[in-house]
Amino acid sequence: MKRFISITAAAGLLLGLTATAKSAGGILINGAGATFPYPIYSKWFDEYHKLRPEYKFNYQSIGSGGGIRQITAGTVDFGASDGPMTDSQMESAPGYLYHIPTVLGAVVPTYNIEGVGETLNFTPKALAGIFLGSIKTWDHPEIKSANPGASIPSKPIVVVHRSDGSGTTYIWVDYLAKISPEWAAKVGRGTSVAWPVGLGGKGNEGVAGLVKQTPNSIGYVELIYAKHNDISYGKVRNKAGKFVAADLDSVSAAARAKMPSDFRVSITDSPDPEAYPASGFTWLLVYRKQKDPVKGKALVDFLNWMLEEGQKSAGELGYAPLPPVVNGMVRNTVRKIEVK
Amino acid sequence: MRSKGQGDAIFKGVTLFFSLSIFALTAWIGWELFKNSKLPMEKFGFGFLWEQVWDPVREEYGALPFIYGTVVSSMLALAIAVPLGLGVAVFLYELAPPGIGNAIAFLTELLAAIPSVVYGLIGVFVLVPVMRKAGAPYGVGMLTAGIILSVMILPFIATISREIFKTVPQTLKESAMSLGATRWEVLRMVTIPFSFSGILGSVFLALGRALGETMAVTMVIGNRPEIRFSLFEPGYTMAAVIANEFTEATSDLYVQTLIQVGLVLFFITIVVNGIARYLIHKVAKQAEVVA
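Just so you know, the sequences run in chain order C and F.
Anchor point for the first sequence: position 14 equals 14 in the working numbering, and the numbering is continuous, going up by one each time.
Anchor point for the second sequence: position 56 equals 1056 in the working numbering, and the numbering is continuous, going up by one each time.
Fair warning: there could be bad hints in the mix.
Only pairs whose alpha carbons sit at most 16 Å apart, straight line, appear in this in silico EDC-like list of lysine to aspartate or glutamate [said to hold, decoys possible]:
(1) K43/C - E316/C
(2) K212/C - D230/C
(3) K239/C - E274/C
(4) K56/C - D230/C
(5) K43/C - E274/C
(6) K1133/F - E1109/F
(7) K186/C - E1059/F
(8) K186/C - E1060/F
(9) K186/C - D1055/F
Everything labelled a hint here was simulated from the structure, so no lab data went into it.
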């Protein structure tokens, strides 16, 4: 394992060196991690580079797991993850890592049922039952009673999930674990889980493809993916009892909950009455004590810009911005980053 | 004269170094895989090979469903591709008029050049709906993966076998014909026995490709780590699970378990190739005796 890390580190260093040489005197800040926020991060880094040409951010979307490994090994200046680090992961890092929420995303149920064109409503019980395999046909009372007008066929349900480990899966199963004690006990939470039923598709495109092709199937994809590809998705009943469709407002609303000061929190099944329940943060991972004063300052400057200007452009790409209360709290955290 | 001798020595040394580096590289890959999978070895031992649970949340891992999926999908591919590939090779060598033969040979080789993700897409958009109509409940599954794999390995068997047929001495065939043998008899009694070891070699080369194929398989196999005996049901392979789960594997045990899956795949490939070598060796000896 150590050897593996050192090889990755060497490769990273090599990449870093060549990139530094290219940027000719500029300051290069390297980061790696989650794939889900990659479009917005690359947009931010690009905009920020135009604003401050001396800073150049290089972000590699290698996955949250890789992001956590690399920031722990110190081969990058910041990490990024769709799931909070566990306590044991925090301990194995050489310094305290701040979790800085940047934007919010959501995961939506998408389906393909013969003869159903309208938007379906899903109760938490229905979703848990379908993904546990205890609800086997579409005309189950739990589904029918939430959709009185729809003509739902009596066909077996085909469940589709992600085959690759992903933050999308984490948000989805974290939600299921909160609303269903059976799910929490049997399956649990993780970027990959032992699915009780269903087929695995690789990536959002794999899941969406399987759902589109398989009659009477249901899967889950990122809200952004669904929006960019015009995939219709269902409403989910939130904790307050309201059927909510995922959009920027309802996803943002999910973060209007009680927030711990380290932001290592899941906001699925939010109590807010307007909230879409399968929503989640994505975080940047930044050391509290920055070793390199130049890079540290660049990071703090960027984070402050991200919380002000960056948030405004998040919506265009389909990411929900942080609600004002949370934004203020994050600013306080950024202030606490120590740059020598 | 002397400098020429020196040149030979240097040449010999350099080529020897290159050949030995292959050994070193293989050994090194094996060693790295072994060294980086200590945690699961301590925790699961050999039970890893026959346990069927794959639960990243509770960190319980067993590789049997993946081993099963890899072996079964590859065998299915061989069962389809070997007769088909040999048929193509025989046609190209014995029967086809030159113009058509060359065109088909070119197209067969072209099959080998298509990237595997393209095969995966063809699988998803063309084969999966067909399979669903044929009775597979999901369309994706073990048989679908086997069929896609068979098309991918077909060129190995067809083109190599054809080249090997070309090495059959014309005199042998002519003597058989002069004794009154028909085309079919010449093929059955001279050409195929003479080139049997080569054909076997091509089959195992193809099998090696099938065992390690990742992208196309993961797109059509359904990615379900369970052992189901119906070929219409979904399955999973070792290469596919590594590709799927490695990027988001956070704990050391998880990462090392995936590396250990790689080690098992590495071993299976070596064993398969070892068997191939042995068979080829045996057949070659028999051929010598006959000759």
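Comparing the hints with the structure gives:
1. For a cut-off of 16 Å, the pair hint linking K43/C to E316/C stands: about 11 Å separates their Cα positions.
2. Straight-line distance between C-alpha atoms of K212/C and D230/C comes to about 12 Å, which keeps the hinted pair within the 16 Å bound.
3. For the hint pairing K239/C with E274/C, the CA-to-CA distance comes to about 10 Å; that is within 16 Å, so the pair holds.
4. With a C-alpha separation of about 34 Å, the suggested pair K56/C and D230/C falls outside the 16 Å cut-off, and the hint is violated.
5. Distance check on the hinted pair: K43/C and E274/C sit about 29 Å apart at the alpha-carbon level, beyond 16 Å; violated.
6. Using a Cα cut-off of 16 Å, the hinted pair K1133/F and E1109/F is violated, with the two alpha carbons roughly 31 Å apart.
7. This hinted pair checks out: K186/C and E1059/F have alpha carbons roughly 13 Å apart, not beyond 16 Å.
8. About 13 Å separates the Cα atoms of K186/C and E1060/F, which keeps this hinted pair within 16 Å; it holds.
9. As the CA atoms of K186/C and D1055/F are separated by approximately 11 Å, the hinted pair is consistent with the 16 Å bound.
In terms of the numbered hints stated before, the structure departs from hints 4, 5 and 6, listed from lowest to highest.
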